[in-house]
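*Asks:* Given next are the chains, with one letter for each unit.
Number of protein chains: 2
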Amino acid sequence: MLDPREWFTEIDERSGSALSYRILDKLHEEQTPFQRIAIYETRDWGRLMSIDGCVMLTSRDNFLYHEAMAHIPLFTHTAPRRVVIIGGGDCGTLREVLKHPEVERVVQVEIDERVTRLAEKHFPELCESNGDPRAELLFADGIRWMAEAKAESADVIIVDSTDPVGPAEGLFNEAFYRQCLRVLAPGGLFVQQSESPIAHTGLILSIHRHLRAAGFPLTRSACFPQPCYPSGWWSLTMAAREAQDLTRFREDAARSRPFPTRWYNAEVHRGALALPEFLREALAAI
Amino acid sequence: MLDPREWFTEIDERSGSALSYRILDKLHEEQTPFQRIAIYETRDWGRLMSIDGCVMLTSRDNFLYHEAMAHIPLFTHTAPRRVVIIGGGDCGTLREVLKHPEVERVVQVEIDERVTRLAEKHFPELCESNGDPRAELLFADGIRWMAEAKAESADVIIVDSTDPVGPAEGLFNEAFYRQCLRVLAPGGLFVQQSESPIAHTGLILSIHRHLRAAGFPLTRSACFPQPCYPSGWWSLTMAAREAQDLTRFREDAARSRPFPTRWYNAEVHRGALALPEFLREALAAI
Numbered sequence: 001m002l003d004p005r006e007w008f009t010e011i012d013e014r015s016g017s018a019l020s021y022r023i024l025d026k027l028h029e030e031q032t033p034f035q036r037i038a039i040y041e042t043r044d045w046g047r048l049m050s051i052d053g054c055v056m057l058t059s060r061d062n063f064l065y066h067e068a069m070a071h072i073p074l075f076t077h078t079a080p081r082r083v084v085i086i087g088g089g090d091c092g093t094l095r096e097v098l099k100h101p102e103v104e105r106v107v108q109v110e111i112d113e114r115v116t117r118l119a120e121k122h123f124p125e126l127c128e129s130n131g132d133p134r135a136e137l138l139f140a141d142g143i144r145w146m147a148e149a150k151a152e153s154a155d156v157i158i159v160d161s162t163d164p165v166g167p168a169e170g171l172f173n174e175a176f177y178r179q180c181l182r183v184l185a186p187g188g189l190f191v192q193q194s195e196s197p198i199a200h201t202g203l204i205l206s207i208h209r210h211l212r213a214a215g216f217p218l219t220r221s222a223c224f225p226q227p228c229y230p231s232g233w234w235s236l237t238m239a240a241r242e243a244q245d246l247t248r249f250r251e252d253a254a255r256s257r258p259f260p261t262r263w264y265n266a267e268v269h270r271g272a273l274a275l276p277e278f279l280r281e282a283l284a285a286i
Numbered sequence: 001m002l003d004p005r006e007w008f009t010e011i012d013e014r015s016g017s018a019l020s021y022r023i024l025d026k027l028h029e030e031q032t033p034f035q036r037i038a039i040y041e042t043r044d045w046g047r048l049m050s051i052d053g054c055v056m057l058t059s060r061d062n063f064l065y066h067e068a069m070a071h072i073p074l075f076t077h078t079a080p081r082r083v084v085i086i087g088g089g090d091c092g093t094l095r096e097v098l099k100h101p102e103v104e105r106v107v108q109v110e111i112d113e114r115v116t117r118l119a120e121k122h123f124p125e126l127c128e129s130n131g132d133p134r135a136e137l138l139f140a141d142g143i144r145w146m147a148e149a150k151a152e153s154a155d156v157i158i159v160d161s162t163d164p165v166g167p168a169e170g171l172f173n174e175a176f177y178r179q180c181l182r183v184l185a186p187g188g189l190f191v192q193q194s195e196s197p198i199a200h201t202g203l204i205l206s207i208h209r210h211l212r213a214a215g216f217p218l219t220r221s222a223c224f225p226q227p228c229y230p231s232g233w234w235s236l237t238m239a240a241r242e243a244q245d246l247t248r249f250r251e252d253a254a255r256s257r258p259f260p261t262r263w264y265n266a267e268v269h270r271g272a273l274a275l276p277e278f279l280r281e282a283l284a285a286i
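Listed in order, the protein sequences are those of chains A and B.
Residues 1 to 286 (our numbering) make up the first sequence, in order.
Residues 1 to 286 (our numbering) make up the second sequence, in order.
Careful, some of the hints might be misleading.
Identical chains share a label here; the pair holds if one copy fits it or two copies do between them.
Taking lysine to any residue and the SDA-like style, the derived pairs with C-alpha atoms no more than 20 Å apart in a straight line are [said to hold, decoys possible]: (1) Lys121 to Ala151; (2) Lys99 to Glu277; (3) Lys150 to Arg178; (4) Lys26 to Gly16; (5) Lys150 to Arg81; (6) Lys99 to Phe278; (7) Lys99 to Asn130; (8) Lys26 to Leu283; (9) Lys99 to Ala135; (10) Lys99 to Ala175; (11) Lys26 to Cys54; (12) Lys150 to Glu136; (13) Lys150 to Val107; (14) Lys99 to Arg250.
Note that these hints are calculated values from the structure, not bench results.
With the rest of the complex left out, here is chain A (with noise of 0.2 Å):
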């Protein structure tokens, strides 16, 4: 029905659902000692990278994520200047922690260097902040480096990873949170892509549950549209090294910020905030 010459498609078992783009061409596939990485051309997408099979990005919907998982957080936190990015490999998210003036620097941890040379190539707009002198861009494991990192270091973590399997599975346990809440300084705000609210709710169930028990006193869900993953509707979890009101954010300051954006601003974030009747219900249970 799809022809695989014309279409990529992901399956996504999980939610027995599959989505596909029709495509003009395969620009690249390589077999790198994580993953498989490959590279389309799309007809209406723009590119599209996949991981193991599994959408990463297109050049059209990306700023959905990217915006999200970067301008919530640093909108929560109330002076962000030291940021940490765990993944992240397509410098998207990046790009945009560098948008804010306040951030003095970036550290990000990718366990994987052909992401951000493929991104590099065939994602030039997502890495032209990439030589800016406040970023920092290590090639090493996210889970080992954080353990390695010196106490209330960090205002930010960012966990912008791939599902919770393979590379990043040890990215959404109780150990891993445990060493970002030791990393993070004062008013600290970790945050972590969290799947899709309806078709894996009860993985951010568990991604609460397991922040809490590592100690952080606060957690928060926001979703955000995110067409090239499974179900459209994508989360981001947020937690808070102190008691502190995760649906406040310097509305001020992201009304009037200094930098354009494609999907963000203040509104967009409250809203992004809101969650769905179910979600709310299903997450004051835990």
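Dock chain B against the given chain A, drawing on the hints supplied.
*Replies:* Frame of chain A; chain B shown alone:
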């Protein structure tokens, strides 16, 4: 790659994407005088109804669309007593509308009686209010019905139709909107499903233009998740008979609503009204 005996696939040629669901069985298929309807049992999303190859709804996620289409306009109107639904044959929107105690009468005008008969059989939960004495189910051409309807006889008109191709095409133009405006009573509100914010942005702009050309002084879109539709992100567009702020709604009533919801709440309503920057800018320019 996706065996059609195991997967139902909808191809959205407009957006060069396709969405598939793992199916256990095809329960029914028929050609009506208007369209081809099929019902599948999916593995993970309950039952699925398709019309002319496009997913209309699944058991698992239709609450998003139906709650958005009913509760957003009904809490925006100050006193919704007389409601007209054009289309809506699966009766899910009707069920949500009838949850509002202020509603005294709902006329639903569905062109294809078979949609409703099949919903009664395969989605009985959506049809549980069809016997409500306030509801009248007509099977007729909504365009003609609207042209013949009494002036100022409806408080809210909900156009819950298929895509603007085939039988529903005539529901997306100025002539139809003009009739709707005529039929709306003072304070009246029109709402229409208006496709994907990201995949069909041009259509949303065109709906706004046609609504204003028809004489509606104010129009406003809202966005919401809908996994089973292309891009997983959907919209509705409201138009007010008089110049009223469509971002205002009966927030206290929404908070103290005397019925359960799974998606809708006052915060989610406000969140749906928060337009992403790219759409806000595009709409500001028309």
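*Asks:* Looking at the structure, which of the earlier hints fail to hold?
*Replies:* 1, 8, 10
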